[in-house]
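Trainee: Taken in order, these protein sequences are the chains called L and D. Quick note on the numbering used here: the first sequence kicks off at 1 and runs consecutively. Quick note on the numbering used here: the second sequence kicks off at 501 and runs consecutively.
These are calculated hints, taken from the structure and not from any lab test. Some hints here could point you the wrong way.
Unchecked claim - Derived list of chain L stretches under chain D, where covered just means 3 residues or more per stretch with a C-beta under 8 angstroms from a C-beta of chain D:
(1) 176 to 184
(2) 187 to 200
(3) 306 to 313
(4) 409 to 417
(5) 444 to 450
Where a beta carbon is used, it is the ideal one built from N, C-alpha and C, also for glycine.
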Amino acid sequence: MDFSNILLGIQTALTPTNLLFCLIGCALGTAIGVLPGIGPTATIALLLPITFNFDPVSSIIMLAGIYYGAQYGGSTTAILLNLPGETSAAVTAIDGYQMARLGRAGQALATAALGSFFAGTVATVVLAVFAPPLAEAALKFGPAEYFSLVVLGLVASIALASGSMWKALAMIVLGLLLGMVGQDVETGFPRFTFGARELYGGLNFVSLAVGMFGIAEILRNLQTGIHRPSMVREVKNLRLGRKELRQITPPVLRGTVMGSLLGILPGGGHVLASFTSYSMEKRLSKHPEEFGKGAIEGVAAPESANNAAAQTSFIPLLTLGLPAHPVMALLIGAFIIQGITPGPNVINDEPVLFWGLIASMWVGNLMLVLLNLPLIGLWVKLLSIPYRILFPAIIAFSTIGCYSLGLNAYHVFAIAFFAVLGYVLIRLGCEPAPLLLGFVLGPLLEENFRRAMTISKGDPTVLLTRPISLTMLVIAALALFISVAPAIRKKRDVVFAEED
Amino acid sequence: MTGQPTAAGGSAGATASADPPAGPAATSRWSRDDLLSGAIFIAIGAAFALTSASYELGSLLKMGPGYFPMVLGIILVAFGTAIVLTSVIGTLRRGSHPVGESEGGIPWVRGALVLAAIMLFGFLVAPVGLVPALLVATFLSALAGHGTSPKGAAVIAVGLTVMCVVIFVVVLQLKLPLFVGMGG
């Protein structure tokens, strides 16, 4: 490892501006993690247009902070109110809430925060060590390899998703098609624009994300209403004794390893990581009967795992330009808005951004511990903001944000269009995440396919004769097979059942 | 993954016990969600494929702008068909459609208010300026809230408008005209 890079990263992360942006991101992330009804995907989408005015490094640092900050915030409400703000915190609620009921809320929160901090630190090192060689390898990829890599990324992202596989596949293809709208890169021919000039540059990414993840969610919540418990327990005694520390050390270590590994997988790796590490702890425990009744290990393991996974899920983004899940897809959008092409070149071309981001993640994790433990009461107070004020605010933010992109009302109308599309599809059991990934990766997929075909003189078997390309397609096929295999499907449904 | 048998066994037991009582509760034998979403995907895929057919297709060696979307459109039709077929086959085999769909009705009025708020903001912001457009948009969307009176919505609208102006215009320095054509 080159230490001058690490130093560069630390210098970048510690400038007053970047510290401030990191703090804003972490605080905002914690806030939306606590609040039900708005998640990191919608928040980052809302903030994308604003980041246009900022320095690239600062804005990416802030957006990343929102993402991992939300993991912290989500576990706070999971423990105190049995209300996981984020899906990955659902497991934490099982034992965390029981601990709170037994008057050990402070210890549960401290375990979650310390476990997350430790895991975040380790995963940041993993990222710093493994990302550069991976990017190095990816630089040697030709168009055929890149095409297969994107296919693998798309397929793998749904292997871990819940619900019908056919619907997820269809959503990917719909996303790819929506990504085709606009001028063809090679010929400049306008496709699917129906003569509308505004569509020449393609459908607006921010409008799509805001509509499908922000407004469509509001439409859903307006049907059912959001119920919030008003009862919040007093939190005291955040200190962990020597006995507790000894109890949580092995689960934290195992959770960190599990999370770091699974986080790299495309598609909800952090959710899978927390579920897997929880069931692993239960199996390894000498007293499995305590799980579900307030076992401190049941908080330590999944919290470490989901935070480690949140950090390592940046690896495919930063080394291959491949988003592992919707939040990463939005970060790709943020890169593009800033004029940076995400991919293996980022490490060499933008060392300040890459190393600065990594160092800021560690700083951010430290900030989160400080923000969360002493100020816990403040965050819980956020729950008293009624949803009927929150959602008009979300609408106001989305409309202003999208309009500010080129002062074009078309971007605002596009929000309404995608909100309706998203709402209908979600109601019919189709998750919007694969669509967003498809939309982001569509142009990349087409470009590399066309280039591969030009190089191979129109021979499609090149995808199967080049070993790396073949390997990736085989893995993709295996992932598809695994996701339909009945035995694994059942287990997967069990894992994701608690999510909904 | 040593725990798989127990996990799989548990879920199998759960579905077996959940199936029979679902019979009377299910209103129709077919899964409306599957059939409808399948139809939507088939329609969109066909629309894209047909439109691409009017573009230059080219060959594998030199692909025209229509080639890739044409292939994707056909694939989408195929996936839509697969959704319909697997659902129909599953229904015929099981005798009832899977439980757990339909969260209830659609919030027509509230939804219309939210969409109207967004559209009106788009129409109004350039001709009359940010402040009036925001007031209209936040008022309409606040009206969609559960238990919000028109008076309450007005209060929320004024509050949020002030907040947005402070955040976007004062703090973030976005160049958005606050009022247009109103002497401002």
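Trainee: Are the hints correct? Go through all of them and say.
Mentor: Checked hints:
1. Evaluation of the coverage hint for the region 176 to 184 of chain L: fulfilled, as 4 residues show C-beta separations to chain D shorter than 8 angstroms, against a requirement of three.
2. Interface restraint, the region 187 to 200 of chain L with chain D: holds (4 residues with C-beta to C-beta distance below 8 angstroms; minimum three).
3. Three residues within the 8 angstroms Cβ limit are the bar, and the region 306 to 313 of chain L against chain D gives 0, so the coverage statement is violated.
4. Three residues within the 8 angstroms Cβ limit are the bar, and the region 409 to 417 of chain L against chain D gives 6, so the coverage statement holds.
5. Counting residues of the region 444 to 450 of chain L whose CB falls under 8 angstroms from any CB of chain D gives 3; the rule of at least 3 is met.
In the structure shown, a violation is registered for the earlier hint numbered 3 alone.
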